[in-house]
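Enquirer: Given only the sequences and the hints, what does the whole structure look like? Please build it.
Chains as they are written, first to last, in my numbering: chain A, 39 to 345; chain B, 39 to 345; chain C, 39 to 345; chain D, 39 to 345.
What the hints contain is simulated information worked out from the structure, not anything from laboratory work. Every residue, glycine too, gets a C-beta built ideally from N, C-alpha and C. Be careful, since some hints might not be right.
Chain B regions said to be covered by chain A (calculated; three or more residues, Cβ under 8 Å) [as the list claims (entries may be wrong)]: (1) 90-100; (2) 115-127; (3) 137-147.
Calculated lysine-lysine pairs in the DSS-like style (CA-CA distance at most 27 Å, straight line) [as the list claims (entries may be wrong)]: (4) D:Lys264 with C:Lys308; (5) D:Lys264 with D:Lys308; (6) B:Lys264 with B:Lys114; (7) B:Lys264 with B:Lys308; (8) C:Lys114 with C:Lys264; (9) D:Lys114 with D:Lys264; (10) B:Lys264 with A:Lys308; (11) A:Lys308 with B:Lys308; (12) C:Lys264 with C:Lys308; (13) B:Lys308 with A:Lys264; (14) C:Lys308 with D:Lys308; (15) C:Lys264 with D:Lys308; (16) A:Lys308 with A:Lys264; (17) A:Lys264 with A:Lys114.
Computed, partial: chain B to chain A, Cβ under 10 Å [claimed, not checked]: (18) Gly85; (19) Val87; (20) Ala266; (21) Arg288; (22) Asp336; (23) Thr338; (24) Ser341.
There are 4 protein chains.
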Amino acid sequence: MNLEAIIASIVEEMRAAPDRGEVATYIPSLAGVDPGQFGMAVVTADGQVFAGGDAETAFSIQSISKVFALTLALGKVGDRLWNRVGREPSGSAFNSIVQLEAEQGIPRNPFINAGAIVVSDVNLAGHAPREAIGELVHFIRYLASDDGIAIDEAVARSEQETGERNRALAHYMRAFGNLHHPVELTLGVYFHACAIAMSCRQLAMAGRYLMLCGAHPEGGRVISDKRARRINALMLTCGHYDQSGDFAFRVGMPGKSGVGGGILAIVPGKASIAVWSPGLSRNGNSQLGSLALERLADATGWSVFGL
Amino acid sequence: MNLEAIIASIVEEMRAAPDRGEVATYIPSLAGVDPGQFGMAVVTADGQVFAGGDAETAFSIQSISKVFALTLALGKVGDRLWNRVGREPSGSAFNSIVQLEAEQGIPRNPFINAGAIVVSDVNLAGHAPREAIGELVHFIRYLASDDGIAIDEAVARSEQETGERNRALAHYMRAFGNLHHPVELTLGVYFHACAIAMSCRQLAMAGRYLMLCGAHPEGGRVISDKRARRINALMLTCGHYDQSGDFAFRVGMPGKSGVGGGILAIVPGKASIAVWSPGLSRNGNSQLGSLALERLADATGWSVFGL
Amino acid sequence: MNLEAIIASIVEEMRAAPDRGEVATYIPSLAGVDPGQFGMAVVTADGQVFAGGDAETAFSIQSISKVFALTLALGKVGDRLWNRVGREPSGSAFNSIVQLEAEQGIPRNPFINAGAIVVSDVNLAGHAPREAIGELVHFIRYLASDDGIAIDEAVARSEQETGERNRALAHYMRAFGNLHHPVELTLGVYFHACAIAMSCRQLAMAGRYLMLCGAHPEGGRVISDKRARRINALMLTCGHYDQSGDFAFRVGMPGKSGVGGGILAIVPGKASIAVWSPGLSRNGNSQLGSLALERLADATGWSVFGL
Amino acid sequence: MNLEAIIASIVEEMRAAPDRGEVATYIPSLAGVDPGQFGMAVVTADGQVFAGGDAETAFSIQSISKVFALTLALGKVGDRLWNRVGREPSGSAFNSIVQLEAEQGIPRNPFINAGAIVVSDVNLAGHAPREAIGELVHFIRYLASDDGIAIDEAVARSEQETGERNRALAHYMRAFGNLHHPVELTLGVYFHACAIAMSCRQLAMAGRYLMLCGAHPEGGRVISDKRARRINALMLTCGHYDQSGDFAFRVGMPGKSGVGGGILAIVPGKASIAVWSPGLSRNGNSQLGSLALERLADATGWSVFGL
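Expert: Structural data, given as structure tokens:
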């Protein structure tokens, strides 16, 4: 079965799936999203794009932005970043503050909220918040070769209004000296990054550099081969919060999920994949998105753990 | 540079390395091991073996046995195993009991001690302890195509004498109904598995089925392709305790370490690798073993996260 | 209203109380106890005894024995005991193992299970288990001036059969060197202490020395004034597990509860009180027992926190 | 020995004590305090005042203000307060955030920082922050019969500048709906309460209502007898953070410590006591202050756990 047919079959199954999880309700802009939607896009190493379902509908990428923000931050400060953020799976929920107390304000990894706030703090250095946000959006447009990508300002405002746990995380890290800018400035960058809206097609395009070991498909390098591998490693061990092990077990690809229902998954050398379905499992990852990737892995044999 | 030269260069570096970590001291048989030793063996997919340093010296494989015991248990009860053991990185030390309390006696994964004790309990079902131990040893001999592999009885006795924390873990799980045999019988199986002695060459040979997606190089299948991928996934996310993320980041291969200083690492489709150096890092993983694998990954480009 | 009338009124209210909590079910001997029972006995400083309800019915004193075992152990090793056990409320359930990991095998206080197991280990030193148990029973008979107090052997056997969490605690402490005898011997002493059966009248009599600042009402001293005050302090801060603060707030007396539904409470200089009702609150303390003591405190004004 | 002589003897011992603990350093106004100071004041039930050492020197009462703020809040909302704050010892440090995550934003008790922030939030209701602060200061002046009590504005400013962990606690509770005002307003009240400066004499005077079961010595009632007993109970079980059990064991009086080195202790019906020495023990309580109270208890026999 070819990739087009595989995707069509998955889209059909997901469209009809009875158990779709629960849409995030903490902000109105997410709570109002129709849970019946499902989209999928695959960009292969030779540049072909296969898409199905609601692959052109923009959604809030939320924590998937943490991958791009991390890439940007590593470009700025390199491995010095790891003095301020760990590289281990957290074993806890995405917004847990417990680990920060035991580990003196150093977040376990850059893909839990606390870690991504430190990454935002790095990206803010030397900039006004607006500039730092602009830089990230431009970086993602460049990665995706798509100037249509933008921030959903309504989501950004909502995040700011409801972000008390993130404020707690930020102040807590600041108490340990692990936040260099005022909390509201750093969180401004963080909240706007979460509010970036992209379609599955745009997201799969933006992930090409991780499939291509750091190369930009239109020429030049985004990052070195080694750094690309390392970001993939982090996505695999930490990309799905306390469900990362299960995702690696079932899907076998580096992936990063967002509470908007999107997942970006990478098969090095083969494919950059984006799926989206707004309903979430108990751990905050897209329920049908994970299942769709499991189906895709089964049908294609794609896995970093096999041939 | 060819593989032989790469290994020779790594062996040379490791032989001379000044900071070798600390040898495990909890039992005399481990405490007495010469920390100056270093061995390495690589079996490639085409069946060639490259070895260097003390690659023929037998050492206590300790927790590396958890990979083989898991493979055996999955053959017996299949996915029902996952009702009794989780698949997530623990975020804690190998012998932590904290997580067991919060999660009602279900260990986070089969590679921490508690999880491996449940796996031993599965392997004990329907057997006398001596038979269950014999079955595991025979299974490993079959995997390695080597009848010379055996248990170091002195180590097994020492484990039994000092295993109070493991007894605590076992009784604790039994309180939740997650241990079906008397604690001393299950732990008898567990302690003997930890006491298996193998050389790097033998260990790399035994790991071939994980490199070959479940196939035995001499014909037939050990396990299905899918199960092999899943065991590799578990090794990557959980194989180095609370240093698993760091190992994935630096080395990029599924791997399982043991407190005897050995590490088994797999490059699917390409290589099964064993390294051994008795000195351990703070997290209980072989210090030079990890470094040697990082060097090997850098020199060969081997990584599940790249091309 | 005089004490007799107060007790009669409380007994009447408790007899009719609709919400009686849940009887402990972990062993058959406790699960089978009729939850409709309620007893109460008060011994005043001048030696009068006031009793009501099922005050003559023997019940399993369970953790209340920890008070007497502690008194005995302090007599043997004095303040050296505090090298092996803490004196702080635990903030956790009675059988939690989490705190032991963080605090290196030192239990928070002598009234959680782990702490009482260490106390049993102290009382076992230089004895066969049977002797150590006998010594404790004789000590309690002496305190209560009652030779009819004995161990319920059926309860002791049941405790031994179901005590897996206590075994886990014991092995765990032994791993840190904080248990000096084999686990089964120390637990033998511990389980038998828990299985002592006493009536409210007997229990209130046994508590007289704590009311009398260490003096035995029939002459001589059980312990010094200072030690009596300190045991009272420990009962107040730690006697009701993670409900100790609430008991102090509502009742205002040093007290120790047992999972059999009994509570011993002390008003220094005024009264030694025992109540019993088998139904437990969520935290494992007698629901009507606590309520009855609250009523008694309100009616008499007895409280260590008032005049 | 009479009280005057006892105090003189204690003052002499404390003046010469070689190990004085460490002065708090998180704000300059505290870090600069001379650790050689020691003061003590005792007000007895008959209204006599005995004082010694630096009993007239004002110091920052810090967390001791939590007792007065709690009394005020209970006057406003009564037992409804306990829907928002617990009454159990925390088993953790004064500024721990761990417990808040497990217990859904409900602080363990009103004497850890998180609990006192909720109390401040209650006291702020219907007021501008300046009014709420003024109300608390007036309340303390009334309790102490002393109009000279005031806030040290330099300390208040410092608290505000360094209070990142408290901000984290406040935002965290706000995320669970357990803070009703904007964080900075509630913390404004909280920080100013901590910055109240009092001498030992003033503090002992302010504590008279707790010695007198809620009565004001100059007539009328501050609170009911029952509420006074309950506040004393809370001070005993929770007044010294994770050293509360030890304080109850050694001193045997309800007490509340502050990081400025003060302690207020109550002997119901007998005495209201204030001690002050700026050096702190590892748990953040005045080292010589605790010792002085232990000496006083030994010399006078004062204890809630004895006659």
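Enquirer: Confirm or reject each hint.
Expert: Okay, the hints, checked on the actual structure:
1. 90-100: violated (count 0)
2. 115-127: holds (count 4)
3. 137-147: holds (count 3)
4. D:Lys264 with C:Lys308: With Cα atoms ~19 Å apart, lysine 264 (chain D) and lysine 308 (chain C) stay inside 27 Å; holds.
5. D:Lys264 with D:Lys308: With Cα atoms ~17 Å apart, lysine 264 (chain D) and lysine 308 (chain D) stay inside 27 Å; holds.
6. B:Lys264 with B:Lys114: holds (16 Å)
7. B:Lys264 with B:Lys308: Holds. Lysine 264 (chain B) to lysine 308 (chain B) sits at ~17 Å (cutoff 27 Å).
8. C:Lys114 with C:Lys264: Judged against 27 Å, a Cα distance of about 16 Å means the pair holds.
9. D:Lys114 with D:Lys264: holds (16 Å)
10. B:Lys264 with A:Lys308: It holds: about 19 Å lies between the C-alpha atoms, which stays within 27 Å.
11. A:Lys308 with B:Lys308: holds (17 Å)
12. C:Lys264 with C:Lys308: holds (17 Å)
13. B:Lys308 with A:Lys264: holds (19 Å)
14. C:Lys308 with D:Lys308: holds (17 Å)
15. C:Lys264 with D:Lys308: holds (19 Å)
16. A:Lys308 with A:Lys264: holds (17 Å)
17. A:Lys264 with A:Lys114: At roughly 16 Å apart (the allowed maximum being 27 Å), lysine 114 (chain A) and lysine 264 (chain A) satisfy the hint.
18. Gly85: violated (16 Å)
19. Val87: violated (21 Å)
20. Ala266: holds (7 Å)
21. Arg288: holds (8 Å)
22. Asp336: Given a least distance of 8 Å, the restraint on aspartate 336 (chain B) holds.
23. Thr338: violated (13 Å)
24. Ser341: Cβ of serine 341 (chain B) sits 5 Å from chain A, so the hint holds.
Going through the hint list in order, the structure does not satisfy hints 1, 18, 19 and 23.
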